[in-house]
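Engineer: Sequence:
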Amino acid sequence: MRVKYVLSEVLVGLWRNVTMTIAMIITLAVSLFMLGGSGLLFQKVGDMKDLYYENIQVSIFLKTDVNEQQKNDLDARLKGDPLVKEVVYVNKDEAYKRFQEMYQDAPDLVNAVKPDQLPESFRLKLVNPEQYKKIYDQYKDTEGVDEIVDQSKLLDKVFGVLTGIQNFALAIAIVMAVAALLLVANTIQVAAYSKRREVAVMKLVGASNWFIQAPFVLEAVVAGLIGSILGLVALAALKVFAGGGSMQALEGLITPVSWGDIFLMFPLMAGVGGLVSAVTAWVTLRFYLRV
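One point on numbering: in UniProt numbering, the residue at position 186 of the sequence shown is 186, and numbering is uninterrupted.
Fair warning: there could be bad hints in the mix.
[What the hints assert, rightly or not] In silico DSBU-like links for lysine-lysine, alpha-carbon gap of 30 Å or less:
1. LYS97 / LYS114
2. LYS44 / LYS92
3. LYS140 / LYS71
4. LYS92 / LYS79
By construction, these hints were calculated from the structure, which means they are not laboratory data.
From just these sequences and the hints, can you work out the full model?
Structural biologist: Have a look at this one:
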């Protein structure tokens with residue numbers, strides 16, 4: 001009987017202030033959509049870093065006048081370095097083949113460069129790619145070494161932009177979450193005020209605070225769950241409609257977002273939406289019931 005009463009009061013409460021309920025659900029949906037989006041972006045940036053750092057290389061370019069003894073000494077030193085996982089020597093012919101593959105869409109540039117114009121190099125994979133600085137310090141003054149290039153330096157700018165977008169999305173989600181919490185608190189206050197006489201009577205007959213608060217808290221939880229479902233639908237719609245446009249242009253840079261990734265965001269969105277709404281409603285009612 002008590003459970004039936006509480007559930008009926010939840011439905012009545014949601015319908016009684018339908019316009020505020022809709023506004024609360026929409027605000028929660030937007031904030032949870034932003035939260036889910038920032039969560040996906042955070043996950044993908046992490047995946048990208050792992051992927052790129054796993055395949056990243058340090059290139060040690062040799063001078064044009066390097067001799068065989070200098071190359072052999074450097075090769076032996078690199079292979080014995082505990083910081084280096086793998087060493088690949090690239091001669092002029094191999095460097096020219098890689099150059100042709102890299103710039104195959106620019107035949108004029110390829111024809112203008114001769115194989116003997118490209119430097120020999122050692123391509124290194126490090127045990128820990130973030131230790132590039134140690135490699136640079138150890139080998140920058142080695143005989144025969146012309147330049148040391150670390151690919152991670154180029155990727156740091158890309159990751160910086162993506163991290164900025166990630167932080168911006170998270171900041172927007174936080175702002176929207178604050179707005180949603182204020183709206184939840186206001187809606188609960190209005191609902192409780194409209195039932196102030198019933199609440200007063202229930203307190204007089206000895207009803208517990210939990211029994212009085214339960215319908216209001218569940219209203220907020222239901223609104224949060226509905227908002228999380230709408231936020232999930234919005235994420236799915238973004239994948240469908242953006243999948244054939246700008247997202248395809250980024251396929252070579254960003255690891256693709258799968259349906260599994262999107263649906264894995266739902267527990268986070270539903271948990272945050274339901275729990276935060278419930279806590280906000282409970283705190284609001286604690287102050288209200290003391291009056």
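Engineer: Does each hint fit the structure? Answer for all of them.
Structural biologist: Each hint tested on the structure:
| no. | hint | verdict |
| --- | --- | --- |
| 1 | LYS97 / LYS114 | holds, 11 Å |
| 2 | LYS44 / LYS92 | violated, 37 Å |
| 3 | LYS140 / LYS71 | holds, 14 Å |
| 4 | LYS92 / LYS79 | holds, 21 Å |
Figure legend: structure checked against the earlier numbered hints; the only hint not met is number 2.
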